[in-house]
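**Q** Starting from the known structure of chain G, arrange chain S on it as the hints suggest.
There are 2 protein chains.
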Amino acid sequence: MKAKIHVTLKQGILDPQGKAIEHALDTLGFKAASNVRVGKYMELDLAEQDKAKAEAEVKAMCEKLLANTIIEEYRFELSN
Amino acid sequence: MKAKIHVTLKQGILDPQGKAIEHALDTLGFKAASNVRVGKYMELDLAEQDKAKAEAEVKAMCEKLLANTIIEEYRFELSN
Chain G
315 MKAKIHVTLK QGILDPQGKA IEHALDTLGF KAASNVRVGK YMELDLAEQD
365 KAKAEAEVKA MCEKLLANTI IEEYRFELSN
Chain S
315 MKAKIHVTLK QGILDPQGKA IEHALDTLGF KAASNVRVGK YMELDLAEQD
365 KAKAEAEVKA MCEKLLANTI IEEYRFELSN
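Those protein sequence lines, which keep their order, are chains G and S. In terms of our numbering, the first sequence opens at residue 315 and continues consecutively. In terms of our numbering, the second sequence opens at residue 315 and continues consecutively.
Pulled out of the complex, with its shape left as it was, chain G reads as follows (with noise of 0.2 Å):
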């Protein structure tokens, strides 16, 4: 099975990424862009092939490890 992991910040929480993608932006000559926000994508592949068992793994390495839930949020997407 596929996962496809995004962790992002909680909507409130300063994205000094973000900021500094804008500013650049800006500077090339895109005035228009605003809000942008900065999260990461991954991708893995699992052994597991049973739907529900494959997705309290992934929940698992989101709580434990991929996100800092404190700031971040995450949601995945599994695919065969």
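Bear in mind the hints are in silico, worked out from the structure with no lab data behind them. As the structure is a prediction and not an experimental result, all values here were calculated from the model. Hints may be right or wrong, so weigh each one.
Treat identical chains as interchangeable: a pair holds within one or across any two.
As the list claims (entries may be wrong) - DSBU-like cross-link-like pairs, simulated, lysine-lysine; straight-line CA separation at most 30 Å:
1. 373 with 316
2. 316 with 345
3. 367 with 378
4. 367 with 345
5. 345 with 378
6. 345 with 373
7. 365 with 345
8. 333 with 365
9. 367 with 333
10. 365 with 378
**A** Below, chain S alone, put in the same frame as chain G:
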């Protein structure tokens, strides 16, 4: 308009960050995870309302700043 952009390493390009995560997951007991690849995920708002123009604008942003097209590829979706 809102743009959701994924920037990922091209296939065949070594992903040390992914390897590090894979190793950390293994250490935490998630032995079944493999082929971890890490990319960037960005969201931004555009003032442009015309879809074709917005598409051209985001493409230019990716080519000029957001992605290093030598080793990375990008894809994006636009929504209202």
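**Q** Looking at the structure, which of the earlier hints fail to hold?
**A** Of the numbered hints, all hold.
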